[in-house]
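S.K.: Let chain A serve as the given structure and place chain B on it in line with the hints.
Residue-level listing of the chains:
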Amino acid sequence: MNSQIVWMIIGMGLATYIPRMIPLVILQKLQLPVFLQNILQNVPYAILGALIFPGVFFIHEDIWFGVVGAAIAFTFASFFSNVVVVVIGSIFALSVVSFYF
Amino acid sequence: MSVLLYYFMVIYSSNLLKYKLVLCSFCYMWILGGVVLETNVLDKPANQFKLGLQGGATIAIGYMPVAITYGFIAKTTGLTLGETILMSLIVYAGASQYMSLDMISKQIGVIEIILTTFIVNIRHLLMSASLNEKVEQDKPIKKALYAFGITDETFSVAAVQKEKLTTGYMFGLTFIAYSSWVCFSGVGYIVGASLPELFQEGMSIALYAMFIGLLVPSMKGSRKVVFLATVAALFNSLFVMTEVLSTGWAIVCSTLISSCLVELIILLKKGKEDGPSE
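Taken in sequence, the protein lines are chains A and B. So the first sequence is numbered by our numbering: it starts at 7 and just counts up by one. So the second sequence is numbered by our numbering: it starts at 347 and just counts up by one.
Just chain A, with the same shape it has in the complex (with noise of 0.2 Å):
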């Protein structure tokens, strides 16, 4: 193995377990005031909305097929609660859509 390689590689680790690891650990004794709790809260739904747009228009070279494919997933998760039926669906329909256009 080239070591600078490994070097890099345990440095990167350092720069994504951080912030992974301090506000866990440090946060557990501390009593934030109630409007930070609730920012707190907000953050999972606000996250995943950033998370999701616009980058799943960019699965593809093609902005339809990202496009095609965000609607797929949107009408299977407005049917189906079970995550993995979400998944698996939307795998199966885009590919059978990608088949054919």
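Hints are computed from structural coordinates only; laboratory data are not their basis. Just so it is clear, CB atoms sit at the ideal spot from N, CA and C, and this is done for glycine as well. Among these hints, one or two may not hold up.
Which chain B residues stay away from chain A? Per the calculated CB distances, all over 10 Å, these [as the list claims (entries may be wrong)]: (1) 393; (2) 448; (3) 452; (4) 514; (5) 525.
Capping the alpha-carbon separation at 30 Å, the derived lysine-lysine pairs in BS3-like fashion look like this [claimed, not checked]: (6) B:485 to B:396; (7) B:508 to B:566; (8) B:488 to A:35; (9) A:35 to B:485; (10) B:485 to B:510; (11) B:615 to B:566; (12) B:396 to B:566; (13) B:510 to B:488; (14) B:616 to B:508; (15) A:35 to B:510; (16) B:508 to A:35; (17) A:35 to B:396; (18) B:615 to B:480; (19) B:510 to B:615; (20) B:480 to B:508; (21) B:480 to A:35; (22) B:566 to B:510; (23) B:508 to B:615.
M.R.: Relative to chain A, chain B alone:
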């Protein structure tokens, strides 16, 4: 299923090493299938670790194409199999790993790669802090251990759960996602090139379908969730399209803006909205 078909195709056209690795990942899929299909019909208190495994099974499926592609690109960039798997083992961050491969091929310095990795992953500060409000109190060492497994996907699955999260659940959830990521990075390195294109194209929607599948059911009961997601999506699109901010910062800023804005609106006209967790 296309996955099965693909495995048979690979086994047909392979030498011994490929065969072994594919057999391994086939066993992995089999165990995964068992976890997904297992139902808790009995009323006995469910094993939290097992519940976590079930919650993370979707992530494990979603990681497969991403990890396989990563493994394949790592090979074309010139990394060894050991380095490819080591990076997945230690760094464990999809976007950063892709990015580092790109930067290695452009011969960009190590320090710069590490700094960029840090900036791309700064959003995990936000996730970790938010998760801290939901998980049960436990020894710091245990929390520090499963903190390693916090990714966009494991965070999303954990954060939309209704109940308080136990340490056992968090270990199960993060373990199954992590093992899939590491395992299929190696598979990608060895067999990546022989992936049928149709399969790759269809699978590219997997992780987004999962985010959508997690978000939509929460949107149904609550206008607040709809606002939170829409505002963040609009701001993030704006930041990314105008290239004002890099992807890492765009997600952090749009999430914070949306979370604060909605909370302020609620403060201003108290009692009108229904919250997801109140």
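S.K.: Against this structure, judge whether each hint is valid.
M.R.: Evaluated hints:
1. In this structure residue 393 of chain B is separated from chain A by more than 10 Å, as the shortest Cβ-Cβ distance comes to about 19 Å.
2. For residue 448 of chain B, the condition that its CB be more than 10 Å from all CB atoms of chain A holds, with the nearest at approximately 13 Å.
3. The claim that residue 452 of chain B is not at the interface with chain A holds, since no C-beta of that chain comes within 10 Å of its own (minimum 14 Å).
4. Taking the minimum C-beta to C-beta distance to chain A, about 16 Å, the non-interface status of residue 514 of chain B holds against the 10 Å cut.
5. The non-interface label for residue 525 of chain B is consistent with chain A: the shortest C-beta to C-beta separation is roughly 17 Å, beyond 10 Å.
6. Note on residue 485 of chain B and residue 396 of chain B: the hinted pairing holds, with a Cα-Cα distance of about 21 Å set against a maximum of 30 Å.
7. A threshold of 30 Å between alpha carbons decides the hint, and for residue 508 of chain B with residue 566 of chain B the separation of about 14 Å falls inside it, so the pair holds.
8. Taking the CA atoms of residue 488 of chain B and residue 35 of chain A, the gap is near 15 Å; set against the 30 Å cutoff, the hint holds.
9. Between residue 35 of chain A and residue 485 of chain B the alpha-carbon distance is near 11 Å, which keeps this suggested pair within the 30 Å criterion.
10. With a C-alpha separation of about 16 Å, the suggested pair residue 485 of chain B and residue 510 of chain B falls inside the 30 Å cut-off, and the hint holds.
11. For a cut-off of 30 Å, the pair hint linking residue 615 of chain B to residue 566 of chain B stands: about 22 Å separates their Cα positions.
12. This hinted pair checks out: residue 396 of chain B and residue 566 of chain B have alpha carbons roughly 28 Å apart, not beyond 30 Å.
13. Using a Cα cut-off of 30 Å, the hinted pair residue 510 of chain B and residue 488 of chain B holds, with the two alpha carbons roughly 17 Å apart.
14. In summary, the hint linking residue 616 of chain B to residue 508 of chain B is supported, as the alpha carbons are separated by about 23 Å, within the 30 Å threshold.
15. A distance of roughly 17 Å separates the Cα atoms of residue 35 of chain A and residue 510 of chain B; the hinted pair therefore holds under the 30 Å criterion.
16. At roughly 23 Å between alpha-carbon atoms, residue 508 of chain B and residue 35 of chain A fall within 30 Å of each other, so this suggested pair holds.
17. The hinted pair formed by residue 35 of chain A and residue 396 of chain B meets the criterion: a straight-line CA distance of about 29 Å does not exceed 30 Å.
18. Taking the CA atoms of residue 615 of chain B and residue 480 of chain B, the gap is about 26 Å. The hint holds against a cut of 30 Å.
19. Only pairs whose Cα atoms come within 30 Å are accepted, and residue 510 of chain B paired with residue 615 of chain B is accepted, the gap being roughly 28 Å.
20. At most 30 Å may separate the alpha-carbon atoms for a hinted pair to count; residue 480 of chain B and residue 508 of chain B meet this at roughly 9 Å.
21. For the hint linking residue 480 of chain B to residue 35 of chain A, the alpha-carbon distance of about 14 Å falls within 30 Å, and the restraint holds.
22. Proximity of residue 566 of chain B to residue 510 of chain B is assessed by CA-CA distance (about 21 Å); at most 30 Å being required, the pair is judged to hold.
23. Distance restraint check for residue 508 of chain B and residue 615 of chain B: the Cα-Cα separation of roughly 26 Å lies within the 30 Å cut-off, and the hinted pair is therefore satisfied.
When the structure is compared with the earlier hints, no violation turns up for any of them.
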